[in-house]
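Undergrad: The residues making up each chain are set out below.
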Amino acid sequence: MPKHSLSPRQYLILGVVAVSAPLGDSCLKRGMAALPPITLAHPGALIAAVFTPWVALGIALLIGFFASYLTALSWADLTFVLPATAFGYVIIALLARFWLGESISLERWAGIVLITLGVGFVAQGPSLTEHPAPEEAEAQDVETR
Amino acid sequence: MTTSPLAATLPAAINPWVAAAMIAAVVLTSTTGEVLTAAAMKSIGDLDMIRAHSGLKGAIRAVVTCPLFYAGVFFLALAFFSLLFALNHLNLSLAGPATASLTLVTNAIAGKIFLKENVDRRRWASAVLVCVGVYLLAH
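These protein sequence lines are chains A and B, in that order. Note that the first sequence covers residues 1 to 145 in the numbering used here. Note that the second sequence covers residues 1001 to 1139 in the numbering used here.
Calculated from the structure, these hints are not laboratory results. Treat the hints loosely; a few may be bogus.
[Unchecked claim] Stretch-level coverage of chain A by chain B, calculated; a stretch enters the list once three of its residues show a Cβ under 8 Å from a Cβ in chain B:
1) 18 to 28
2) 67 to 73
3) 88 to 101
[Stated by the list, open to error] Calculated from the model, a selection of chain A residues having no Cβ within reach of chain B, i.e. all distances over 12 Å:
4) S5
5) I13
6) G15
7) A48
8) T52
9) P53
10) W54
11) A56
12) L57
13) P126
All residues carry an ideal CB built from backbone N, CA and C; glycine is no exception.
For reference, chain A alone in the conformation it holds in the complex (with noise of 0.2 Å):
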């Protein structure tokens, strides 16, 4: 039983931060696509596209994203989250996959099986490296001592 096991509302937050982040982009991506290309010469055009409600919806969901994935950092390691979050990647393939009807090469499958693995593997382990307090750790050093 791993010390730091997590709340079923921390987990939410992860859930969070993984599935907006790829829906965000692909909100942002859908949203741009649709507008006439968009040069330096002309920045107006990129302060309207930003009210377009494609990208106006990507925006809400970075938001979202950057909010969760902020609070998710205050009790949890860079190096437990950022493979936990690989896994919206999965999420959104397979929501094309089975929602959207999209086709799936052998070669994104793998990818898909090899990050399930990944973050099956960080899941088990705890989420937070215990830091002991400075005196805390002298103390530790004296009795091994």
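Got chain A sorted already, so can you dock chain B onto it with the hints?
TA: Relative to chain A, chain B alone:
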């Protein structure tokens, strides 16, 4: 993003060293940003507890008054723009997956060195598996 006028004026074949340097710039800035942001959040403490104690405003205040947080965001922004720059010059199917997957491994190394995180065999294995997996899935 992929059909910018800048990309059209560049030669089709790019020196592999230049491509590697562009990808390295994205990976370095993004790893620096992630580590600084993670250090900032660790220094603030459990945000859920802060929010339960002093509300959403209190939690936001705790984050925006932390100087390390701005250092992290600065490097994450730098990483974002260097990714845009790289995407302008390199093939999207190379630059995107390459930076996303390499960052996982560099973060494991940086997390161990700078954040003193306990990157055990389980986490190394996970970083490498997810790294290869992200590359295959996004390629």
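Undergrad: Does each hint hold? Answer for all of them.
TA: Quick rundown of the hints versus the structure:
With 0 residues having a Cβ less than 8 Å from any Cβ of chain B, the region 18 to 28 of chain A misses the three-residue criterion, and the hint is violated. Counting residues of the region 67 to 73 of chain A whose CB lies closer than 8 Å to any CB of chain B gives 3, so the stated coverage by that chain holds, three being the minimum. Given as covered by chain B, the region 88 to 101 of chain A passes the check, having 3 residues with a CB less than 8 Å from a CB of that chain where 3 are the minimum. S5(A), annotated as away from the interface, keeps every beta carbon of chain B farther than 12 Å; the closest lies near 15 Å.
A cut-off of 12 Å between C-beta atoms contradicts the statement that I13(A) is not in contact with chain B; the least separation is 8 Å. G15(A), annotated as away from the interface, keeps every beta carbon of chain B farther than 12 Å; the closest lies near 15 Å. With a closest Cβ-Cβ approach of about 17 Å to chain B, A48(A) is found to remain outside the 12 Å limit, as its non-interface label requires. The claim that T52(A) is not at the interface with chain B holds, since no C-beta of that chain comes within 12 Å of its own (minimum 16 Å).
For P53(A), the condition that its CB be more than 12 Å from all CB atoms of chain B holds, with the nearest at approximately 19 Å. Every Cβ of chain B is farther than 12 Å from the Cβ of W54(A); the closest lies at roughly 15 Å, confirming the non-interface assignment. No Cβ of chain B approaches the Cβ of A56(A) within 12 Å, the least distance being about 18 Å, so the stated non-interface status holds. No beta-carbon of chain B comes within 12 Å of the beta-carbon of L57(A); the shortest separation is about 18 Å.
For P126(A), the non-interface assignment is contradicted: its Cβ lies about 8 Å from the closest Cβ of chain B, within the 12 Å cut-off.
Of the numbered hints listed earlier, those contradicted by the structure are 1, 5, 13.
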